[in-house]
Amino acid sequence: MLPKEFIRGTIKTIILKLLAQNKKMYGYEITQHVAELSQKEIILSYGALYPVLYKLESEGLLITTTEVVDNRVRKYYALTPEGKKVAKVKVSELQEFNRILSSILSEAGPRVSLKIL
Amino acid sequence: MISEKQRDIVKELLIRQGLTFKPLLAEMIDHTCCEIEEKMAGGMSFEEALKSTLHDIPDDHFVIIQRDTVESMSKRFTLLQWLSYLSLGLLFLSVVFKIFQLQFGGQLLLLSFVVMAVSLVAGSVSGLYWNRKKTGRFNVLGVVLGTVLLMIGYGFRLLHLAGADTVVLLAVVVTLGSLVSNTFFIFRHATGEGNLLTHLHEKYTPGIERFLLLLLLPLTLFKTISIVQGEPRFAGGLVLLVIIFGAGLQLVALLWRAVERNAVHRNPYVLAGLIVSFTCFVLVFLGNGIPVNIRMMMIATYSVVSAWLAFKMEEGNTSVSLFIACFVPVLFLGWAMVRLGVIPESVDRFIFNLPVLILLVAAIFLCKKHDTMRAYLIVFLSSYLFEYVH
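Taken in sequence, the protein lines are chains A and B. So the first sequence is numbered by the UniProt record's numbering: it starts at 1 and just counts up by one. So the second sequence is numbered by the UniProt record's numbering: it starts at 1 and just counts up by one.
Bound conformation, chain A alone (with noise of 0.2 Å):
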């Protein structure tokens, strides 16, 4: 498994991305999606998850529904119109970050500058 910090900075744009991918997804569905694609390489705890989804529901990024399914409250998050726009820039950032990142790891040593420097 990842370590948690190379997780926590990324956690935003994953659960972004996966809603960009799914009309609409609970949390228990959201964490075993994430375990699946990466492997389960990457386990988002309760507490991962959840203060982020509130977090990105207050900022309007997200919709929530409630449905009732099998006697209990089943919460679903969905992307706003905000929340799409937002997604596509996360994960373009990180893609970008990822491949700068890959570039100084790689021996060949880095073939880009990272614009913030």
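Honestly, I wouldn't trust all of these hints.
As the list claims (entries may be wrong) - In the DSS-like style, the derived pairs of lysine-lysine whose C-alpha atoms are separated by at most 30 Å in a straight line are:
hint, chain 1, residue 1, chain 2, residue 2
1, A, Lys24, B, Lys22
2, A, Lys84, A, Lys55
3, B, Lys39, A, Lys23
4, A, Lys75, B, Lys368
5, A, Lys12, B, Lys39
Unchecked claim - Derived CB-CB ranges, DEER-like:
hint, chain 1, residue 1, chain 2, residue 2, range
6, A, Val89, B, Phe138, 31 to 41 Å
7, A, Arg8, B, Lys5, 51 to 61 Å
8, B, Arg67, A, Ser102, 28 to 38 Å
9, A, Asp70, B, His61, 21 to 31 Å
10, B, Ile9, A, Lys88, 38 to 48 Å
11, A, Arg8, B, Leu102, 47 to 57 Å
12, A, Val69, B, Val70, 18 to 28 Å
13, B, Ser346, A, Val68, 51 to 61 Å
14, A, Gln95, B, Lys369, 40 to 50 Å
15, B, Arg188, A, Val89, 36 to 46 Å
16, B, Ala41, A, Val68, 15 to 25 Å
17, B, Phe138, A, Leu105, 48 to 58 Å
Claimed, not checked - A short, non-exhaustive set of chain B residues, derived as facing chain A with CB atoms under 7 Å:
hint, residue
18, Met1
19, Glu4
20, Arg7
21, Ile9
22, Ala26
23, Glu27
24, Ile29
25, His31
26, Cys34
27, Asp68
28, Thr69
29, Glu231
No lab work stands behind these hints, which were simulated from the structure alone. Only a predicted model underlies this, so the values are computations on that prediction, with no experimental measurement involved. We treat Cβ as the ideally placed atom computed from N, Cα and C, and that holds for glycine.
Since chain A is already given, all that's left is putting chain B on it; use the hints.
Relative to chain A, chain B alone:
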């Protein structure tokens, strides 16, 4: 699939671990149950799956999640919180000014109404904006418009302006219309999914209750001091009306949410009870527009019907809830009968006295975990203080 009883075991465990924020609690129950179900599908018994699921969760984990979650949401409410506390402060100041018979007490009260109205409108507009896909916008707007109109109407009365009664009548009609409309919406839609009014209420519930209690408890203290000192005048009458109206709407919203959560409550008796209860409650605010005897009967009816509803909707109701659900209606039926001349006026001293007042205050603290019963008590403690003439 795990049974309802097993779900309740999970719920109890999570509550015992300190989860009190209801939207998060509901999600944690679902998440934990999903994990348990997955393990049970692999051949474990419910007990084994539950033990295994909770085994790896550290102590205080849920409390920390709750804290992080609430903190992550808090930024959005800052402006609204400021506005609410400003109106709260102004309301207090107006009472203090009235007690010391200073100038501008009335103006301060009006200003607090204006700030409260701005806070209400701002909260609902932002709620409408962020939840555009949910249905029931007109019900939210109706309740907010009704409340604002009522504040304007009472403001007009305070300033002895013409048209006060018309504005109050309009406020009552608009509020009643939106309450009826949202009640039928909840009964028509099996899960209450997408209902904006209850969705927003769920988010603002802790703030609403804090606001009401922060107003009510000092007023109770003021009133108690004035009773002990034999001071017949009480300056907080209008503020008590604000609390009664706020807590009454809070109670209706909590009852709606209970109906949404549990299909058992979606029956004609509860529907009729809800309509009778909020109709009696809202119409009383017409004041002299309705003969005083009829108003008293409406208050007595409201005390009985809403006690039944509040008790019925409680999850895991206790003997304290049962006591309140019986005691308060008896108190208000007695009050109505004294005022209507059915029973002698001397009975009044058995109804209005300090031990009963203390009992009602204590009950509010004892009902900490019983939302509907607590809202019911806030309505009736405020009404009790309002009617306590010594």
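Next on the checklist: Could you work out which of the previously given hints the structure breaks and list their numbers from low to high?
Outcome noted: 7, 21 and 29
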